[in-house]
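Participant: Residue numbers (this note's numbering): 10 to 156.
Hints listed in this document are in silico derivations from the structure and should not be mistaken for laboratory results. Among these hints, one or two may not hold up.
Said to hold, decoys possible - Subject to a maximum C-alpha distance of 30 Å in a straight line, what follows is the list of computed DSBU-like cross-link-like pairs (lysine-lysine): (1) LYS71 x LYS98; (2) LYS137 x LYS71; (3) LYS98 x LYS137.
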Amino acid sequence: MTRRLAVLTLAAAIGVAVAPSPSLAADRVVALTLDGRPVDRAGGVAVLHNGVVYADVVDLVKAFDGLLTFQGPAVVVTINGVTARFTPKSRTMMVNDGAVTMPGQVFTRNGDIFVPLEPFVTRVAQAKLRVSASRTHADIFVNASPS
Numbered sequence: 010m011t012r013r014l015a016v017l018t019l020a021a022a023i024g025v026a027v028a029p030s031p032s033l034a035a036d037r038v039v040a041l042t043l044d045g046r047p048v049d050r051a052g053g054v055a056v057l058h059n060g061v062v063y064a065d066v067v068d069l070v071k072a073f074d075g076l077l078t079f080q081g082p083a084v085v086v087t088i089n090g091v092t093a094r095f096t097p098k099s100r101t102m103m104v105n106d107g108a109v110t111m112p113g114q115v116f117t118r119n120g121d122i123f124v125p126l127e128p129f130v131t132r133v134a135q136a137k138l139r140v141s142a143s144r145t146h147a148d149i150f151v152n153a154s155p156s
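Please model the entire structure based on the sequences and the hints provided.
Facilitator: In structure tokens, the structure reads:
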């Protein structure tokens, strides 16, 4: 009995060690621009994941000259006086003193934290967002008009 338990424990440990990352092969890169300029020339800063456009929170904070700190597994972002807290595997974003339900869960891929783009841009960065119908391109507008 002990031997069987040891084998099951080892199998479970190996399964965890080789498990694929939460990012699915079905995810696809979304081109992201800020006032017409690419946010990340190498690509991969934004992805379509489970039907929702997400972006790497670190790249977004850099693009908006914000402040980013880590509090345990959560990331706290401050941009122009608006503070938000994002926690992996949660659909709730804490903004200043209120909670906002996001269209998808925050997830981690290769050590990077991805947040739903729309609530980040509109609620935290207080900018405008336009996503193409095919969800292959997203434009953030701060100093330009989305016309």
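Participant: Indicate, hint by hint, whether the structure satisfies it.
Facilitator: Okay, the hints, checked on the actual structure:
no.: 1; hint: LYS71 x LYS98; in the structure: 23 Å, holds
no.: 2; hint: LYS137 x LYS71; in the structure: 17 Å, holds
no.: 3; hint: LYS98 x LYS137; in the structure: 26 Å, holds
Checked against the numbered hints above, the structure breaks none of them.
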